[in-house]
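Peer 1: For the record, the sequence lines run as chains X and F.
Here the first sequence stands for residues 1 to 966, numbered as in UniProt numbering.
Here the second sequence stands for residues 1 to 80, numbered as in UniProt numbering.
Since the hints were made in silico from the structure, they are not lab data.
Possibly wrong hints are sitting among the right ones.
Selected chain X positions facing chain F (Cβ under 10 Å, derived; list incomplete) [unchecked claim]:
1) Glu341
2) His596
3) Ala635
4) Ser638
5) Asn913
The C-beta atom is built at its ideal place from N, Cα and C for all residues, glycine as well.
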Amino acid sequence: MLQYFDPKHVSPERDYGTPARLSETLVSLEIDGTEIRVPEGTSVLRAAALADINIPKLCASDNLEAFGSCRLCAVQIEGKRGLPASCTTPVENGMKVTTQNSRLAKLRRNVMELYISDHPLDCLTCPANGDCELQDMAGAVGLREVRYGFDGDNHLAAETDDSNPYFSFDPSKCIVCSRCVRACNEVQGTFALTIEGRGFDSKVAAGQSEAFMDSECVSCGACVQACPTSTLMEKSVIEQGQPEHSVITTCAYCGVGCSFKAEMQGDRVVRMVPYKGGDANHGHSCVKGRFAFGYATHPDRLKTPMIRESIDQPWREVGWEEAITFAAERLKAIQAKYGRESIGGITSSRCTNEETYLVQKLVRAAFRNNNTDTCARVCHSPTGFGLKATLGESAGTQTFDSVMKADAIVVIGANPTDAHPVFASQMRKRLRQGAELIVVDPRRIDLLKTPHHRGAQHLALRPGTNVAMVNALAHVVISEGLEDREFIAKRCDESGYQAWREFILEERHSPENVEAITGVPAEQVRRAARTYANAANGAIYYGLGVTEHSQGSSMVMGIANLALATGNIGREGVGVNPLRGQNNVQGSCDMGSFPHELPGYQHVSDPAVRERFEAAWGVPIDDEPGLRIPNMFDAAVSGEFKALYVQGEDIAQSDPNTQHVELALRSLECLIVQDIFLNETAKFAHVLLPGSSFLEKDGTFTNAERRINRVRKVMPPLAGKQDWEVTVDLANALGYPMHYDHPAQIMDEIATLTPSFTGVSYARLDELGSIQWPCNEAYPKGMPTMHIEDFPIGLGQFAITDYVASEERSNRRFPLLLTTGRILSQYNVGAQTRRTDNQAWHDEDVLELHPTDAELRGVRDGDWVGITSRAGQTVLRARVSDRMPPGVVYTTFHHPGSGANVITTDSSDWATNCPEYKVTAVQVEKVSQPSTWQRQFQSFDRLQLELLRGGKDAAGKQPSAERANE
Amino acid sequence: MSRSQLDTLIHMANQIAINNAHYADAAERIHTHLKKFWARSMKHQIIDYLREDGSQLSPLARQAIEQLAQSQADARPASA
Numbered sequence: 001m002l003q004y005f006d007p008k009h010v011s012p013e014r015d016y017g018t019p020a021r022l023s024e025t026l027v028s029l030e031i032d033g034t035e036i037r038v039p040e041g042t043s044v045l046r047a048a049a050l051a052d053i054n055i056p057k058l059c060a061s062d063n064l065e066a067f068g069s070c071r072l073c074a075v076q077i078e079g080k081r082g083l084p085a086s087c088t089t090p091v092e093n094g095m096k097v098t099t100q101n102s103r104l105a106k107l108r109r110n111v112m113e114l115y116i117s118d119h120p121l122d123c124l125t126c127p128a129n130g131d132c133e134l135q136d137m138a139g140a141v142g143l144r145e146v147r148y149g150f151d152g153d154n155h156l157a158a159e160t161d162d163s164n165p166y167f168s169f170d171p172s173k174c175i176v177c178s179r180c181v182r183a184c185n186e187v188q189g190t191f192a193l194t195i196e197g198r199g200f201d202s203k204v205a206a207g208q209s210e211a212f213m214d215s216e217c218v219s220c221g222a223c224v225q226a227c228p229t230s231t232l233m234e235k236s237v238i239e240q241g242q243p244e245h246s247v248i249t250t251c252a253y254c255g256v257g258c259s260f261k262a263e264m265q266g267d268r269v270v271r272m273v274p275y276k277g278g279d280a281n282h283g284h285s286c287v288k289g290r291f292a293f294g295y296a297t298h299p300d301r302l303k304t305p306m307i308r309e310s311i312d313q314p315w316r317e318v319g320w321e322e323a324i325t326f327a328a329e330r331l332k333a334i335q336a337k338y339g340r341e342s343i344g345g346i347t348s349s350r351c352t353n354e355e356t357y358l359v360q361k362l363v364r365a366a367f368r369n370n371n372t373d374t375c376a377r378v379c380h381s382p383t384g385f386g387l388k389a390t391l392g393e394s395a396g397t398q399t400f401d402s403v404m405k406a407d408a409i410v411v412i413g414a415n416p417t418d419a420h421p422v423f424a425s426q427m428r429k430r431l432r433q434g435a436e437l438i439v440v441d442p443r444r445i446d447l448l449k450t451p452h453h454r455g456a457q458h459l460a461l462r463p464g465t466n467v468a469m470v471n472a473l474a475h476v477v478i479s480e481g482l483e484d485r486e487f488i489a490k491r492c493d494e495s496g497y498q499a500w501r502e503f504i505l506e507e508r509h510s511p512e513n514v515e516a517i518t519g520v521p522a523e524q525v526r527r528a529a530r531t532y533a534n535a536a537n538g539a540i541y542y543g544l545g546v547t548e549h550s551q552g553s554s555m556v557m558g559i560a561n562l563a564l565a566t567g568n569i570g571r572e573g574v575g576v577n578p579l580r581g582q583n584n585v586q587g588s589c590d591m592g593s594f595p596h597e598l599p600g601y602q603h604v605s606d607p608a609v610r611e612r613f614e615a616a617w618g619v620p621i622d623d624e625p626g627l628r629i630p631n632m633f634d635a636a637v638s639g640e641f642k643a644l645y646v647q648g649e650d651i652a653q654s655d656p657n658t659q660h661v662e663l664a665l666r667s668l669e670c671l672i673v674q675d676i677f678l679n680e681t682a683k684f685a686h687v688l689l690p691g692s693s694f695l696e697k698d699g700t701f702t703n704a705e706r707r708i709n710r711v712r713k714v715m716p717p718l719a720g721k722q723d724w725e726v727t728v729d730l731a732n733a734l735g736y737p738m739h740y741d742h743p744a745q746i747m748d749e750i751a752t753l754t755p756s757f758t759g760v761s762y763a764r765l766d767e768l769g770s771i772q773w774p775c776n777e778a779y780p781k782g783m784p785t786m787h788i789e790d791f792p793i794g795l796g797q798f799a800i801t802d803y804v805a806s807e808e809r810s811n812r813r814f815p816l817l818l819t820t821g822r823i824l825s826q827y828n829v830g831a832q833t834r835r836t837d838n839q840a841w842h843d844e845d846v847l848e849l850h851p852t853d854a855e856l857r858g859v860r861d862g863d864w865v866g867i868t869s870r871a872g873q874t875v876l877r878a879r880v881s882d883r884m885p886p887g888v889v890y891t892t893f894h895h896p897g898s899g900a901n902v903i904t905t906d907s908s909d910w911a912t913n914c915p916e917y918k919v920t921a922v923q924v925e926k927v928s929q930p931s932t933w934q935r936q937f938q939s940f941d942r943l944q945l946e947l948l949r950g951g952k953d954a955a956g957k958q959p960s961a962e963r964a965n966e
Numbered sequence: 001m002s003r004s005q006l007d008t009l010i011h012m013a014n015q016i017a018i019n020n021a022h023y024a025d026a027a028e029r030i031h032t033h034l035k036k037f038w039a040r041s042m043k044h045q046i047i048d049y050l051r052e053d054g055s056q057l058s059p060l061a062r063q064a065i066e067q068l069a070q071s072q073a074d075a076r077p078a079s080a
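Given these sequences and hints, build the entire structure.
Peer 2: Structure representation (structure tokens):
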């Protein structure tokens with residue numbers, strides 16, 4: 001007898017027709033004489049598929065609930081009347097099912113005949129040729145004729161909607177199976193599609209019968225993937241044809257870390273299809289991951305190393321060896337002149353673990369100092385600090401799937417529908433099932449408008465008052481006796497708890513007293529605290545709206561306090577969940593990028609730790625922490641820091657107080673930039689080393705749930721080298737030998753030196769698909785949920801988090817508070833997405849402001865406005881929006897010419913120097929021309945593109961310079 | 001506009017101090033923080049400033065930096 005109850009046993013390559021059921025009660029039935037046992041609630045269609053009996057189907061797909069509309073999956077069941085659809089019929093004990101006989105064959109052939117009578121017969125020239133379920137089913141049922149002819153009423157002349165840049169909608173091919181509509185509802189949760197009309201007039205419609213681009217569609221592509229015909233089809237497939245092989249890899253955009261099948265023709269990507277076997281995304285994706293991969297082959301890609309003596313000179317194209325030698329000689333000369341600590345390196349959260357590991361190793365072992373840092377400095381460094389101090393590990397506690405067991409979901413300073421869209425879809429699924437939602441954010445984020453979810457609580461606090469808010473929430477928990485005493489007694493440090501309890505019970509933390517600070521009515525705060533504390537499972541998700549503050553670390557600890565006090569740690573459905581911005585933020589932190597920690601968060605001052613690394617690396621390691629990124633800038637400006645190696649980061653655009661950053665970069669005697677494009681930082685560089693995109697290399701990324709996923713090379717590196725090879729070359733040229741043939745060997749080295757990675761290897765990753773660290777002898781398959789038994793530091797530590805007001809306060813001169821963030825279609829500094837058709841959604845950064853603030857300043861939608869802070873001024877177009885609270889304005893930083901970071905200041909988190917991007921006091925006024933900085937930016941940008949062109953022309957190649965933004 | 005490097009360090013030290021002020025062992029915590037997270041050159045600069053002037057440092061920050069000066073002066077390599 002066949003037994004199926006473990007969903008892991010199914011193949012992600014097959015479609016079993018309806019979703020898996022997880023009941024532990026097994027039901028036994030017979031299908032075509034084969035006995036099979038499956039979980040209760042499984043459909044007959046799925047049970048048959050598990051027994052490798054493939055019943056014809058069209059409207060069914062195993063990522064969607066059964067719908068029963070096509071009738072193709074009809075079966076005969078002994079003792080039952082008629083021919084029921086197997087997709088909507090659940091299995092029963094003792095059931096005897098027949099899937100093929102002449103009666104069924106006739107019925108199916110009739111069904112297909114009707115479908116085909118209103119379908120174009122252009123199979124040979126159809127883009128879905130070779131990948132069409134309708135065609136497959138016509139074959140499966142043996143359709144030989146269409147007796148109705150093709151002259152009757154039909155939809156064959158329906159017009160194609162080409163409005164979306166990535167896919168087309170050709171309704172003439174539509175069979176109205178509703179899979180696209182259900183995918184939009186069930187998988188994505190946007191509800192942008194519907195079936196309009198009845199009977200023969202039924203048709204798929206976007207929004208209110210609009211073009212896709214004009215509707216609420218977010219272009220996630222779930223509908224395209226669900227479509228069984230070529231009605232919804234990737235334009236890349238229409239242009240190029242069907243792929244001939246595929247490789248499973250990991251997306252290089254956000255911290256969700258979706259698995260994809262890169263579907264290929266030779267070394268050309270035809271399309272990216274989210275991989276059903278991916279444990280982070282389960283076959284779903286967003287507009288970036290699925291569609292925005294064209295940047296990898298954009299003409300702006302750097303293909304040749306370049307060098308120059310100073311930044312006002314044209315670039316000179318050279319070979320790899322010359323460029324590496326030039327860089328190494330410069331670094332050595334600078335160290336000889338200014339000292340060992342005068343140089344440093346920045347690792348990338350976009351590169352792989354192995355590449356990040358090598359860059360920090362290069363700094364520590366070849367530069368012989370600890371001046372290494374990563375862009376996590378400017379996003380989640382407070383998470384590392386705060387969670388290590390309270391829970392003992394610098395990482396989120398859960399899997400993404402854990403949200404499906406959460407009863408109260410608290411989202412603080414995060415905008416998942418834009419920044420972590422695939423996880424947001426899963427969260428919305430749970431919200432539709434009835435979980436409570438509490439959003440703590442100055443802005444009315446889209447999650448609050450989740451279709452089919454009611455009663456969301458929105459604590460719209462003033463920017464910069466997070467800690468006051470989290471203290472007020474904790475005050476309610478403790479003063480109203482809602483704490484989990486048993487958990488606290490068993491799992492937390494007693495004296496620390498008592499001290500915290502005394503602190504948090506102080507009347508100044510009551511919601512009534514805090515109301516004046518946060519602007520949130522006390523009753524709302526009390527209600528939210530009760531909702532979270534009383535829920536069977538309360539889960540907190542947070543983002544950069546927590547960390548990017550002068551009290552970012554305090555807020556992370558405040559969140560941990562709340563979870564500890566309510567016992568919401570150590571099982572599924574709960575936890576403290578940082579939503580990481582970039583694909584490998586978690587990994588870059590794990591790999592020892594921070595100046596005070598070796599890989600695995602092991603402090604450089606620990607002699608036992610250093611001894612192990614010294615033995616492996618063969619050099620002494622400095623026992624003092626190195627400089628963090630902002631400290632490097634300060635030291636550069638004051639003349640002590642002279643050279644920097646930057647891999648895959650664009651600090652000139654992403655870091656705050658642009659003018660200070662530019663001054664620092666201009667102060668360097670040698671700036672080495674390794675990137676796939678001439679980014680803003682590279683315009684200040686002396687050595688340009690072409691990087692490789694995620695499609696061109698092997699390695700691993702670690703996502704926000706600590707999941708290590710494989711990145712697999714699908715095409716050769718455009719410039720001939722993967723990024724890790726370049727670092728190896730630089731180390732060797734500096735006289736520190738590094739020898740690796742493949743990133744797998746780098747991971748093996750990481751595993752020997754990092755206690756939480758001892759069980760990780762490429763072979764193990766291939767075997768398990770992915771691994772959530774820690775993975776070692778105690779947890780050979782990794783650890784999905786952390787802190788189940790105890791904490792790495794033994795007992796949970798409550799932290800005293802006194803609210804200290806930000807120095808960035810609104811006043812008469814700067815009466816508004818600016819907060820920055822990102823949107824769905826663009827990614828971070830935009831270097832990748834700006835070079836794709838995602839520009840169709842967001843081709844400029846705008847300033848959002850409340851109608852009252854706009855009216856007060858005579859600003860209308862679309863006007864140019866100058867935004868001035870104590871750091872600088874920039875000019876953007878205004879968007880009047882009531883999702884902003886009065887007094888708060890918002891912009892994104894996806895386009896370099898926008899200069900969002902010209903206005904952000906050097907105010908930063910007290911513990912980690914993470915910049916306070918989320919609070920800048922500003923004034924906004926109507927203007928008629930770009931700011932001084934913007935005019936300087938434009939002329940400098942023009943000059944640098946000319947200097948790049950100079951280098952390329954000299955080598956006889958035609959450049960293609962991108963105008964990032966006007 | 002930007003602060004000078006030393007002004008930034010003074011500001012950072014005071015910020016660390018005020019964020020830990022509520023602990024009974026505040027000075028020791030601040031000292032540990034500086035020891036664990038500040039680069040050698042930053043430590044030297046703030047210690048030098050304390051010795052030469054120190055007027056812009058809060059009393060708690062000053063106390064912690066005095067401890068830092070002591071622990072840095074103590075025999076190396078004793079930084080566990």
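Peer 1: With chain F as the partner, please determine if Glu341(X) meets the hint condition of a C-beta pair closer than 10 Å.
Peer 2: 6 Å, holds
Peer 1: Quick check on the hint: Ser638(X) CB to chain F CB, less than 10 Å?
Peer 2: Holds, about 4 Å.
Peer 1: Just to be careful: measuring from the Cβ of Ala635(X) to every Cβ in chain F, is the smallest value less than 10 Å?
Peer 2: 7 Å, holds
Peer 1: Restraint: His596(X) near chain F, CB-CB cut 10 Å. Satisfied or not?
Peer 2: 6 Å, holds
Peer 1: Was the hint right that Asn913(X) lines chain F, CB cutoff 10 Å?
Peer 2: 7 Å, holds
Hint violations for this structure: none, all hints satisfied.
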